[in-house]
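From first to last, the protein sequence lines stand for chains A and B.
Heads up: the first sequence is residues 1 to 563, going by my numbering.
Heads up: the second sequence is residues 1 to 289, going by my numbering.
Accuracy of the hints is not assured; some may be wrong.
Okay, the calculated bits of chain A under chain B, using three or more residues with CB under 8 Å as the criterion [claimed, not checked]:
#: 1; segment: 89–96
#: 2; segment: 455–462
Away from chain B, derived, C-beta distances all over 12 Å, residues of chain A [to be verified]:
#: 3; residue: N12
#: 4; residue: E70
#: 5; residue: S329
#: 6; residue: I363
#: 7; residue: S381
#: 8; residue: Y443
#: 9; residue: E448
Since the hints were made in silico from the structure, they are not lab data.
Keep in mind that this is a model prediction, so the values were computed, not measured.
Glycine included, each C-beta is placed from N, C-alpha and C at the ideal position.
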Amino acid sequence: MATAFGRTLCCNLIQTHFGDVVERVVECLINRGPLAFGDISRYSELGSEAVKSSILVLIQHSCVQAFKVEHEGASATAPRRVVTYYVAISDNIFHRMRFPKFLVAVREDFGEEAESLVEGLLEHGRLTLEQIIQRTAAKAAKAEGEVANEVKETFTKLVTARFIERCPSPEPWLNQKDPRELLSKVARGASKVRGPVLSAEDIVQSEVVQRVIKAAAPLETQRFQLPVSMAGLGVSDSDSQMAEGSQASEKRKLEALEMDMKTAAAVDEKEVLWRVNFEEFLRKMRHQTCVDTVKTELDIGASVVLSAMLQATRKDETSVRQHHSVPLSMDGITQAVWSTPDGQHMPLERIRSSVQQLASDKIGYISRAGERAGPALGGNSYSVNMHNIIEARQKSEVEGIVLQRFGRECCRIFRLLVRKGQLEQKQIGEQAMAPKTVKALLYCLLKEQYVQVQEIARTSEHVARQSIFLWKADYQVVLHRVLDDLYHAATNLCLRHAHEIRKEQEVLELVDQLDARKDAGSDAHVTLTSDQQEQVKRISRITKILDVSLLKLDDTILLFHDF
Amino acid sequence: MTEGAMASELHQAIKKVMDLCRAHPDGLPQKIFEEEIPDVELLAQALNVLLEKRKLEVFSQGEYLVYKEHSRPKVADKLKGLASKELLVYQTIERAANRGIWTADLEARTNLQQPEINRALKTLERRSLIKAVRTVRSKNRKAYIVFELTPSEEVTGGALFTELEFDAAFVDVIKQECLQFIAKQKLVDLQAIADAIRKSGISKIELGLEEIKQIMDTLVLDGDVEVTTSGGKSHSTESLCYRIDKMPIPTTSALTNVPCGICPVMRDCSPGGLISPETCVYLDEWLSF
Numbered sequence: 001m002a003t004a005f006g007r008t009l010c011c012n013l014i015q016t017h018f019g020d021v022v023e024r025v026v027e028c029l030i031n032r033g034p035l036a037f038g039d040i041s042r043y044s045e046l047g048s049e050a051v052k053s054s055i056l057v058l059i060q061h062s063c064v065q066a067f068k069v070e071h072e073g074a075s076a077t078a079p080r081r082v083v084t085y086y087v088a089i090s091d092n093i094f095h096r097m098r099f100p101k102f103l104v105a106v107r108e109d110f111g112e113e114a115e116s117l118v119e120g121l122l123e124h125g126r127l128t129l130e131q132i133i134q135r136t137a138a139k140a141a142k143a144e145g146e147v148a149n150e151v152k153e154t155f156t157k158l159v160t161a162r163f164i165e166r167c168p169s170p171e172p173w174l175n176q177k178d179p180r181e182l183l184s185k186v187a188r189g190a191s192k193v194r195g196p197v198l199s200a201e202d203i204v205q206s207e208v209v210q211r212v213i214k215a216a217a218p219l220e221t222q223r224f225q226l227p228v229s230m231a232g233l234g235v236s237d238s239d240s241q242m243a244e245g246s247q248a249s250e251k252r253k254l255e256a257l258e259m260d261m262k263t264a265a266a267v268d269e270k271e272v273l274w275r276v277n278f279e280e281f282l283r284k285m286r287h288q289t290c291v292d293t294v295k296t297e298l299d300i301g302a303s304v305v306l307s308a309m310l311q312a313t314r315k316d317e318t319s320v321r322q323h324h325s326v327p328l329s330m331d332g333i334t335q336a337v338w339s340t341p342d343g344q345h346m347p348l349e350r351i352r353s354s355v356q357q358l359a360s361d362k363i364g365y366i367s368r369a370g371e372r373a374g375p376a377l378g379g380n381s382y383s384v385n386m387h388n389i390i391e392a393r394q395k396s397e398v399e400g401i402v403l404q405r406f407g408r409e410c411c412r413i414f415r416l417l418v419r420k421g422q423l424e425q426k427q428i429g430e431q432a433m434a435p436k437t438v439k440a441l442l443y444c445l446l447k448e449q450y451v452q453v454q455e456i457a458r459t460s461e462h463v464a465r466q467s468i469f470l471w472k473a474d475y476q477v478v479l480h481r482v483l484d485d486l487y488h489a490a491t492n493l494c495l496r497h498a499h500e501i502r503k504e505q506e507v508l509e510l511v512d513q514l515d516a517r518k519d520a521g522s523d524a525h526v527t528l529t530s531d532q533q534e535q536v537k538r539i540s541r542i543t544k545i546l547d548v549s550l551l552k553l554d555d556t557i558l559l560f561h562d563f
Numbered sequence: 001m002t003e004g005a006m007a008s009e010l011h012q013a014i015k016k017v018m019d020l021c022r023a024h025p026d027g028l029p030q031k032i033f034e035e036e037i038p039d040v041e042l043l044a045q046a047l048n049v050l051l052e053k054r055k056l057e058v059f060s061q062g063e064y065l066v067y068k069e070h071s072r073p074k075v076a077d078k079l080k081g082l083a084s085k086e087l088l089v090y091q092t093i094e095r096a097a098n099r100g101i102w103t104a105d106l107e108a109r110t111n112l113q114q115p116e117i118n119r120a121l122k123t124l125e126r127r128s129l130i131k132a133v134r135t136v137r138s139k140n141r142k143a144y145i146v147f148e149l150t151p152s153e154e155v156t157g158g159a160l161f162t163e164l165e166f167d168a169a170f171v172d173v174i175k176q177e178c179l180q181f182i183a184k185q186k187l188v189d190l191q192a193i194a195d196a197i198r199k200s201g202i203s204k205i206e207l208g209l210e211e212i213k214q215i216m217d218t219l220v221l222d223g224d225v226e227v228t229t230s231g232g233k234s235h236s237t238e239s240l241c242y243r244i245d246k247m248p249i250p251t252t253s254a255l256t257n258v259p260c261g262i263c264p265v266m267r268d269c270s271p272g273g274l275i276s277p278e279t280c281v282y283l284d285e286w287l288s289f
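So here's chain A without its partners, still in its complex pose (with noise of 0.2 Å):
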């Protein structure tokens, strides 16, 4: 769900990734939502040439997807139209800023050359397997069948750790209402929508875009399938997918797939496109997070025990923001500790000890599932309470923001109405010790929108000085205001990054010539001046500030977003 801000973060990741034509494209379909191609023409003012290929591009990258919708026709007797829609996927546009992190974590996993596989990836958005190994083999100036071999098996291992994945249908069938129809229908009650931040329209395009992905999406069982081909290469749980999926699979309603179960076996390496799996990067740093977050509440006992867990349970995940893991019981408990480098040692009572530390804290961090088991059984079965951990987790950010921006007793004041409900300036006052300045400290929280105040009146006019003024600190609302936030400090970051960079437009040419010609081998006949040497400095030193800042920045989006 996209805020005013984020729909302006998206416009400018677009912007310093694809170019101005581009924007303009997602800009129409970012703040219209679905759009048919004539009338994000017709919005973008740009000729259909330079709409067809923007698309193409953003469909290559996911960041834009298309639907089928059927119509009615204009009389009963004249034939149903079939309209092509195409809706932005903000969340995949997002996602362009955290590659690096991407990057990062396939290296710790994988090694190297998975890194520089995903690298490919990410640049082109989806490439089939033939392409991914010519372009292996371009970089490392090996022949196509010396690296064929190395980068299969390192595919394989990436596919089987889920995170590379069969595209997408092209234009699946959405096969309800005109999704316009929803729109206006929502338009007319959105009066009834209180709360600045949140518009009717933003939740609505939301809905359209989760429902045109869940259309899109591949059986859950092909979606990580290998190639045929491959089947001998991989491990044994491709097998089982194979034979998986040859069986007509229920597990999702679709209208009508691209791509159904017989010709499934024709497609080989030349055909299918692959993609990086963003879901599992997600899934993968907020397991992280909450490994964290138990580090630094608990002791590192726990937080390996907790981690154990989340690892065993990982594959049998459904989605990004489930709330609890599967249930493991105590004695799966104990073996997927064992088997983890940090946790072999461990003794049984400490890791028994570390359980009930966990179910029994104040946060649940994990809690008892099903009922209570004995030993004979595996034990009681836990599972990991991931929603009431992020939770805390983004309780616990707010409040420093607020502390950070506001105060200390503006902290408190705020800490006391999120627990306490609805209160009057004078309680306020008293159980916050803060008689005086309460006043004040509200109206300045008021005004960022951290709080909200109801008047009940007591007579028919509304005496103001007869009503009583209820004080409130709505969570949901706040956290909207925290996101949109968010999104802005990190659109002023790439924007002066830009400004930044196109300041210095004049020095960085000269360093790249001189770099190019260095790598040319010629001598480099001009040097810089101490000057323009400072100036290099100086950029050097700004652009790193604030990429890094960025990047911590994005840490706390996922915090509030993705999670």
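Chain B: place on chain A using the hints.
For chain B alone, coordinates are given in the frame of chain A:
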């Protein structure tokens, strides 16, 4: 009648009235006096004399007048010679007991004019019957209260207020003490904290359990301590326990490390506007450190 006879009759009437009053310490309505002393004029004289001498007090109960023997002879002496208006003012102030009363309220209750009230107040003050105190609500207006009483907590604000100002420094000192104590003890209940504070003697005033609880609540809101109930056996305030919070509010956050996070004009900032990231002064400072 002769003067002597009148005087003696009066004397008798007075004595009778006094006996009656003493017999009925809760007070007698006018009616009963009229029954006992059928001579209305005589009764009236007797009552007046007694009132002047401050041996009797008169109250109005609903529609009737009730007479009672004066309960405080010492005050009765002091009240001797006061005009009736002043007496009325004094009685109204008395009724307000601990809370004290403003001149505006006095006006409303006694139906007297402002200058008269002021004169009465001056007289009473001179005689040390009332005194003026300042309230915490409105420091510029004075409230009047009977001399011997101490103003209530509402008026002064309680132990945490000195000179009618909320004593933030004092509260801070106490909070620090509490924190240190809890850090040493890991888990303490409210009573133990109160005792420790009392023992350490940093506060000259007596701090009751209520005040300590208030201070602890503030610490909870600050995120430094956690509150739990112990055992679950009793539900009184004594069973509240405190320990240091393991997850304090973070003092740094990615958003506030960037100037945009704490920018006061962030709502007005937009690309290409008057306030924009390209020209932002805060960003300039931050980038040039």
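Q. Given as covered by chain B, does the segment 89–96 of chain A meet the bar of three residues or more with CB within less than 8 Å?
A. violated (count 0)
Q. Is the nearest Cβ of chain B still more than 12 Å from the Cβ of N12(A)?
A. violated, 8 Å
Q.
For E70(A), is the shortest CB-to-CB distance to chain B above 12 Å, so the non-interface label stands?
A. Given a closest Cβ separation of 40 Å, the condition holds.
Q: Would you assess whether S329(A), listed as outside the interface, keeps its beta-carbon beyond 12 Å of every beta-carbon in chain B?
A: holds, 28 Å
**Q.** Status of I363(A), Cβ more than 12 Å from any chain B Cβ
**A.** Non-interface label fails for I363(A): nearest chain B Cβ at 8 Å, not farther than 12 Å.
(Q) The output says S381(A) does not contact chain B. Does that hold with a beta carbon cutoff of 12 Å? (A) holds, 27 Å
Q | Whether E448(A) stays farther than 12 Å from all C-beta atoms of chain B, as the label says | A | Per Cβ check, E448(A) is inside 12 Å of chain B; nearest 8 Å; violated.
Q. Are 3 or more residues of the segment 455–462 of chain A near chain B, judged by a Cβ distance of less than 8 Å?
A. violated (count 0)
Q. For Y443(A), is the shortest beta carbon distance to chain B beyond 12 Å?
A. Its Cβ never comes within 12 Å of chain B, the nearest being 14 Å, so this holds.
In summary, the numbered hints that this structure violates are 1, 2, 3, 6, 9.
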